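S.K.: For the record, the sequence lines run as chains V and Z.
Going left to right, the first sequence walks through residues 1 to 304 as our numbering numbers them.
Going left to right, the second sequence walks through residues 1 to 304 as our numbering numbers them.
For the record, the hints were derived by calculation from the structure and aren't laboratory data.
Source: prediction; values computed, not measured.
Hints may be right or wrong, so weigh each one.
Same chains, same label: a pair holds when it works inside one copy or across any pair of copies.
As the list claims (entries may be wrong) - Calculated pairs, EDC-like style, for lysine to aspartate or glutamate (alpha carbon to alpha carbon, straight line, at most 16 Å): (1) LYS216 to ASP289; (2) LYS216 to ASP269; (3) LYS216 to ASP204; (4) LYS244 to ASP107.
Protein chains: 2
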Amino acid sequence: MTPLYQRVAFIGLGLIAGSMALAMRRGGLVAEIVGTARSAETRAIAAEIGLVDRVTDTAAQAVEDADLVVLCVPVGAMSAVAQEIAPYLAQGATVTDVGSVKQAVIDAVGPHMPRHVHFIPGHPLAGTEHSGPRAGFAELFDNRWTILTPLEGADAAATDRLTRLWQGMGAQVDVMDPPHHDLVLAVTSHTPHLIAYTMVGVADDLRRVTDSEVIKYSAAGFRDFTRIAASDPTMWRDVFLTNKDATLEILGRFTEELFALQRAIRRGDGDHLHAYFSRTRAIRRGIIDAGQDTDAPDFGRSKR
Amino acid sequence: MTPLYQRVAFIGLGLIAGSMALAMRRGGLVAEIVGTARSAETRAIAAEIGLVDRVTDTAAQAVEDADLVVLCVPVGAMSAVAQEIAPYLAQGATVTDVGSVKQAVIDAVGPHMPRHVHFIPGHPLAGTEHSGPRAGFAELFDNRWTILTPLEGADAAATDRLTRLWQGMGAQVDVMDPPHHDLVLAVTSHTPHLIAYTMVGVADDLRRVTDSEVIKYSAAGFRDFTRIAASDPTMWRDVFLTNKDATLEILGRFTEELFALQRAIRRGDGDHLHAYFSRTRAIRRGIIDAGQDTDAPDFGRSKR
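Model the full assembly from the supplied sequences, consistent with the hints where possible.
M.R.: As structure tokens, then:
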């Protein structure tokens, strides 16, 4: 297969960049992979494990002659990185990103982009609770969705080429407008993460009272929360700071529903609880049918 | 190995009873397994798949000559079942249960128990989101905790025998007083489940707005909530109705913490968010160290 891009440059070398590099290699999708990271330690690890073909010291060096530049830094760092690389971007290059929020990235990156590049924001809906250059694996995007949010008037050929790259890495691709992306993600990802963080924080406070019982008995449901809440703190801080409105809106709905259930518990309204719990069960079935999870029982996970 | 019990009787034949029966057989722990369930369909399935050696039509028949009786019905059904079987319990039999709440079970079952039986409440901290007689598997309890809450003056030999049975089924056993059990479970299980149900309910409301996007993009975090929220509605209704005080107390702490994070988001207080998210990450490490989960990345689950 002819490579889709001759040289891809990763700015940031964490879980997503590493997995993309490995998936690109697996698919023979690009001719050369260059990368850089702000941390000297991350650069050293990436070079040591051969995560990319060449590690550069600066972002400016990385983007030189690259026909694809992928911004894989926390959303809060996007603006500074965009400003830094702008003067060095090649004619006709595509610049994309993997940030969890799209409108804020567009606001941060867009103004710095020269007219001779194609800026096509993107977001792969995949990840694990691990981070850093050693966390990546080639299969991360298989059968997962990547959402592209091209701006009005975006070059169709450039968008199409980026779409084929993601498909080559195993993903399915959808196109969406940025505010809608941010709302959908507030529901499916951002608010659930905040809630998981909160519940784990509550348990941690109580842990001081009940020794290590919370950890010891976590198999009863709490464990899945800790898994979610173990994700990268910097990335998530930036998500909530930059998708503030949508997250606060969904949080408002969440607390409203929670108070209704709390009231049902206080009043002993079993019918209300049963009806609610039956309804949510059906949603699970929908997710399995949509191929986004398996039906295998999970709570006894370590035995499978 | 000499069987620990000659005849065990299961009242209720769902996920837990089925897994116990299979684990008892795996370990050669009991000579004969009898079972019954309220639903004729459940009894027919259990007989068809040979889940137990003998299926009886009534609970009274099941407990006849049994030296171990295991109540595997929702907490709300415990009192009626206890009353029904009481006259038929054998001299010196042990009666235990697997309910998720302990004080309420003691209040419901205790008064019906004749003096010639040993009532030793128990709770295996294991389960999956599936239910019914086909859901069980022998490995469910391996390396999981079972908590026994023997009453004051309980027979030490009877408690010891039941402990060895659970150990033979793969579990580790702890002893706790009932109110403390109910508080620990409110933190590690009951409140997390309520929160997961709530979040899935919110998403379901929004799904009407955003079509099936919520389901399609669930891999981003929401999926783990739907897994938790797919558990048996009747069981969970009874949990919240019977562990009301502890659940409401933990819910109060949860909403307090959530409001503090919500305020930090509204004010753009990134330091607060980052510090909070870093703290919760450490708890995850504790759970892995305690052997209650693996370190394998999970969100790309279907590929492993």
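S.K.: Quick one: which hint numbers does this structure break? Sort them smallest to largest.
M.R.: The structure breaks only hint 2.
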